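Engineer: Take a look at the letters that make up each chain.
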Amino acid sequence: MNVLTSNAVVAVTIGVLFACGLYLMMSRNLIRVLLGFLLVGHGTNLLLLSSGRAGSAPIVGEPGGDSADPLPQALILTSIVISLAVATFLMAMAYRNYQLTTAADLTEGPEDVEALRNAAEAD
Amino acid sequence: MTALLPVSVMLPMFGAALALLFGRQPQAQRLISVGALVAQLVVEIVMLLQVDANGTLVMHIGGWGAPIGITLVADRLAASMLVVSTLVTLAVLVYAIAAGQSDRDATETPVSIFFPAFLLLATGVSNAFLAGDLFNLFVSFEILLTASYVLLTLGGTKERLQAGGPYIVVSLLSSIIFLSAIALVYTVVGTINLADLAVKLGGVPDGIVLVLQSMLLVAFGVKAAIWPMSSWLPDSYPNAPAPVTAVFAGLLTKVGIYAILRVQTLLFPGDSLQPVLLSIAVVTMLVGILGALAQPGIKRLLSFTLVSHIGYLLYGVGLASAAGVSASVFYVAHHILVQTALFLAAGLIERVSGTTMLARLGGLAAVSPLLAVLFFLPAMNLAGVPPFSGFLGKVGLFEAGVENGSTPAIVGVVGGVLTSLLTLYTIVRVWGQAFWREAADAPDRVDAGGGGRSSRASGESGRRLAAARSLPAGMLGATAATVTVGLLLTVFAGPLFGLASRAGDDLMHPDRYITAVLSNTDVGVDPLAGGGTP
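These protein sequences, in sequence, are chains A and B.
Numbering of the first sequence is given in my numbering, commencing with residue 1 and proceeding in unit increments.
Numbering of the second sequence is given in my numbering, commencing with residue 1001 and proceeding in unit increments.
With the rest of the complex left out, here is chain B (with noise of 0.2 Å):
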């Protein structure tokens, strides 16, 4: 069963070469991309249960036992995330492959490149998940970012590269960090194995200690897009293709957080930074929060949002409490689902009336009632209107907060309440001007037969209004898919938290990790010891 972990890594790797390999035939590709992803999928669901059932798989890599080798390590926050960071890959892709097929037009995304590189973004996520060592963290961020770069840069127009500058000078910088915090951790400690190392930091004076824990926190606060290291996001996000942009959304700042959630529990249990995690969390909620209210157009005002619900996140990983990592468990597959179905629906009223600025836009629930109870779902969902997933998960982190007690903690409560309302006045608001009022009542409305305000936007519209007044079922459909996900998260909440509780579990109690880990029961011979070759 072990060797469902490196299949995980490998399928969409493997499919990004055969894309790349089938550059000239589309349809190739876009089997091929769709087949691996389908296949990595139902690899990940088996060794869900498999998980969940037997406890953490653990597979080190050519023999070599735990400290020495490279090894995988699947727990059930792993698994878990595996599978629901992979179901969004899948929908996103089929929603790429829609809006590509009735387009018709590859001048805006070179379809020969945009597939190998969407294949290598899931490969270097499913990557970051099994990573058993800090290293082999690193390099599953350097393909996930290497392939984002790409993919945010799609096509080169000057827009393009002025939103992918500053992001990927960001990233490159929390890279180094990265990069230098593992040189020193290796220099204090001498491993970067994960299970390893979080039986040797012990005997690490604190300062130390909290010196290498600070640069880890910031190298993967910056890809988490934590306050005050988030305002790359917003200026980056919107600009990218649809599709892009709702897959970064729904995973790359999840990665972060999974890291943070890892290193947090395994390496530096004794909570020496809680108070601080609790404060940048709640700061994170208002600052992200109080940006999106001021935003006139949606997918800023989107991206603003994740920013903001980034904070949850961190506030449940800064309780470090069982109850409290759980529900932040819980709400990070809610959140992958929902903030990647309000980007999708996002795109679709790009399609339906050319602009996604709040100003021009109106009537749209006439035009599509479809599209509106597409986006109505998920963003009721977001702000955690009771019987949403968004709620069970707040409750969840309110709860684990209120025990918790600290003066940060309640702090914290109350800030997230306040994000929660001032989620859904955003959201409402959103909301009303697009969807509710009269599309004559746009104070910037531009028709479809041009007349608009400026002959480049009225244009544009022009043309896409008159290609997309009917959605192509393909993008309907993976919407319709993610937000129907998102609601099964509600549905099934009782069994989900149940396994977001085990998962949380397992993360406050380390030693069970360590030793899944270094046990090393499947590996032969111990290269170290006998002096043979292994």
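Looking at chain A on its own, in the form it has when it is part of the complex (with noise of 0.2 Å):
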């Protein structure tokens, strides 16, 4: 394959994709980790992209055809519907949280070690 000639604005794009992306998951907030997963999400699936050889049509079989290879528009495919499911419950988790502390934060502050204590206490 074709090492070393990946375009330098994908390249940069994936880099401020991952970069934004965890920096947004580091965080407490449930709905900031869900958005910094599926900006990671997209730089992973453009960085797949990036892998196979880009500008041609995807077809496979036409021996010493100028084509693009299609096998990394498929692993996007299947890697899209996989963030798709994990956002989705990470949505519901994030409602469901909401729910019980009408905050979007998992914990804060002194809850925390109230938490830890109730942990231990249960554990």
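Careful: at least some of the hints might be erroneous.
[As the list claims (entries may be wrong)] What follows is a set of in silico ranges between Cβ atoms, one per label pair, in the way DEER data are often shown:
| no. | chain 1 | residue 1 | chain 2 | residue 2 | range |
| --- | --- | --- | --- | --- | --- |
| 1 | A | Ala68 | B | Thr1407 | 42 to 52 Å |
| 2 | B | Glu1399 | A | Val12 | 46 to 56 Å |
| 3 | A | Ala68 | B | Leu1421 | 56 to 66 Å |
| 4 | A | Phe89 | B | Val1042 | 26 to 36 Å |
| 5 | B | Ile1061 | A | Gln73 | 15 to 25 Å |
| 6 | A | Pro70 | B | Asp1052 | 29 to 39 Å |
| 7 | A | Val81 | B | Gln1025 | 29 to 39 Å |
| 8 | B | Gly1035 | A | Val81 | 26 to 36 Å |
| 9 | A | Phe89 | B | Pro1275 | 31 to 41 Å |
| 10 | B | Glu1403 | A | Pro70 | 39 to 49 Å |
| 11 | A | Leu77 | B | Pro1006 | 16 to 26 Å |
[Claimed, not checked] Derived lysine to any residue pairs resembling SDA-like cross-links, with alpha carbons at most 20 Å apart:
| no. | chain 1 | residue 1 | chain 2 | residue 2 |
| --- | --- | --- | --- | --- |
| 12 | B | Lys1200 | B | Arg1512 |
| 13 | B | Lys1158 | A | Met91 |
| 14 | B | Lys1158 | A | Thr101 |
[Claimed, not checked] A short, non-exhaustive set of chain B residues, derived as facing chain A with CB atoms under 10 Å:
| no. | residue |
| --- | --- |
| 15 | Phe1135 |
| 16 | Lys1158 |
| 17 | Ser1175 |
Don't read these hints as lab results, they were simulated from the structure.
Note that the structure is predicted; figures quoted are calculated from it, not measured.
C-beta atoms are modelled at their ideal positions from N, C-alpha and C, and glycine is treated no differently.
Fit chain to chain and form the complex, with the hints in mind.
Structural biologist: Here it is in structure tokens:
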């Protein structure tokens, strides 16, 4: 395969998506985690896309023909479905958490201590 | 015979779909779930016998040959892991059913979701063991992880969500690292089929291989809870329902170890990271067991021993010799059974006394002698007291370590012995406090009728005590079965270690796996060759 012939724009976009997404995921706020996960997911999909040869129609079985690689695109489709499923679960979890605590954050401040004590007691 | 491969994945998946369909009939759900897993177990035992007799089974899905299509592969390692994991899953399922039936309250565990999620977890685990390419492995990880998110936050209480949050975020991050690694592997090598990769990675510069290897190891290391990526585990596992914790402890981390074992032996046999792996293995053992020493509750303590003993498995992988890998394979089977049995026993302790905090436990040996035995046997097995399989596995690992002779390997042997002793100490402490001492000696004892430390705790424990002085036969039976199979590992150690050695030997000869996958004997038309449509 063609090593190190990636498009600079694509590379920078992937980097920015990863940076922003991971930053958001470091939060305790589930909505931020969700948004971060979506961004990183897009970054990964783009990374997958850039792993194949680009620029032509994705047809396999034409020896010598000038065609793009269909496999990365198949992989992306699968990975998009998986991200969607996980994002849905995170959304449901954020909603449930909001129902219970009327806050988007998982835990905060002194509540953390309380939660840890409860967890230790429940153990 | 290759049809056995997809069947063992499809059975639990169809079971999950059917169970979802019968969401309003718990009885039907139970029958479907148990039926699917029993059928799966039978299929997998047949598969193991086949594979052991005739060599690796390979199936190319849809008739597309190896580097292009999706391949399912069962070698001795995969087949034996499948049998052990399904055995454990089945035992835990029976345990969960017995617990749910005697509780009669679906408030904590909504039954209609539990069974489909549980079967999907089994699907993901089976598929992970059979996956013949990296992306299929990723997909199976996602199946089992998504099911595990649901199981971990079951009921959606505040505590469960708080415990689930870090676990989910950590798992998502490791999945993203894994997927990125796949993208990079494809960029560099142009294939994601494991066998094809093993061939083509030889032509890739060492530095790039090292980057790919490290990314895969980090991704799998998080799932296997290897130090320093293990701190999520003791925070999330203990808060889940007892059967869920048991099945997670038995299977999820082992899938990570399996992936490491597969990738290390097949793709990266030139062991440039060997000293690193050995060192991390020792630190994982020691950090885990020192954490366990400090725990006041049994479930968290067991979670830490789980992390600690992952170190042994990694140690065998790190040795990268036939003896080391074989011992690791044997130890994986032993550890799945023992750790699950211990968590099931911890669930029984919680049922009997309403808590697993050591400070409040006491006199359990008098209350339930059978439970005492059911905890004692796997506990001694875990610590590696001589006649048990834990001892045999550890001896195998240490022999391989001494044979290796390098400094990290010897340090690993010393660390392993120390960890064993500390495990024994930890377990004896649990035994002494929970089972042996008089109930009245427990410092924070909560009486059955109230008068406890806090009204919440005493109310709950009172309710449970009333409900559970006589433990349901199904729960005891499932725990006893797991313990017994763990003991059978000792009784039949000869033939089983033989199987493990053959599996390890296969792993040290990746050419066998590669030939089996790439020969494409059952593919009629090579889609790329003639230009004809497949």
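Engineer: Now tell me if each hint is right for this structure.
Structural biologist: To see whether the hints hold, each was checked on the structure:
The hinted range of 42 to 52 Å is satisfied by Ala68 (chain A) and Thr1407 (chain B), whose Cβ atoms lie roughly 50 Å apart. Between Glu1399 (chain B) and Val12 (chain A) the beta carbons are some 53 Å apart, a value that agrees with the proposed interval 46 to 56 Å. For the pair Ala68 (chain A) and Leu1421 (chain B), the beta carbons lie near 60 Å from each other, so the given range of 56 to 66 Å is met. At about 33 Å, the beta-carbon gap between Phe89 (chain A) and Val1042 (chain B) stays in the expected band of 26 to 36 Å.
Checking the proposed 15 to 25 Å range against Ile1061 (chain B) and Gln73 (chain A) shows it holds: the Cβ atoms sit about 19 Å from each other. Remark: the range hint 29 to 39 Å for Pro70 (chain A) to Asp1052 (chain B) is upheld by a beta-carbon distance near 38 Å. Under the hint 29 to 39 Å, the C-beta atoms of Val81 (chain A) and Gln1025 (chain B), about 30 Å apart, fit the expected range. At roughly 29 Å, the beta carbons of Gly1035 (chain B) and Val81 (chain A) sit within the given window of 26 to 36 Å.
The given range of 31 to 41 Å is respected by Phe89 (chain A) and Pro1275 (chain B), whose C-beta atoms sit roughly 40 Å from each other. Between Glu1403 (chain B) and Pro70 (chain A) the CB atoms are about 48 Å apart, so this pair conforms to the stated range of 39 to 49 Å. A C-beta distance of roughly 21 Å is found between Leu77 (chain A) and Pro1006 (chain B), which places it inside the suggested range of 16 to 26 Å. This hinted pair checks out: Lys1200 (chain B) and Arg1512 (chain B) have alpha carbons roughly 16 Å apart, not beyond 20 Å.
For the suggested pair Lys1158 (chain B) and Met91 (chain A), the alpha carbons sit about 16 Å apart, so the restraint of at most 20 Å is met. Restraint check for Lys1158 (chain B) and Thr101 (chain A): the C-alpha separation of about 8 Å stays at or below 20 Å, so the hint holds. Because the smallest distance between the Cβ of Phe1135 (chain B) and any Cβ of chain A comes to about 6 Å, under 10 Å, the interface hint for this residue holds. Nearest Cβ of chain A to the Cβ of Lys1158 (chain B): about 5 Å, under the 10 Å cut. The hint holds.
Annotation: Ser1175 (chain B) was flagged as interfacial toward chain A, and the flag holds, the nearest CB pair being 8 Å apart, inside 10 Å.
The structure meets every hint from the earlier list without exception.
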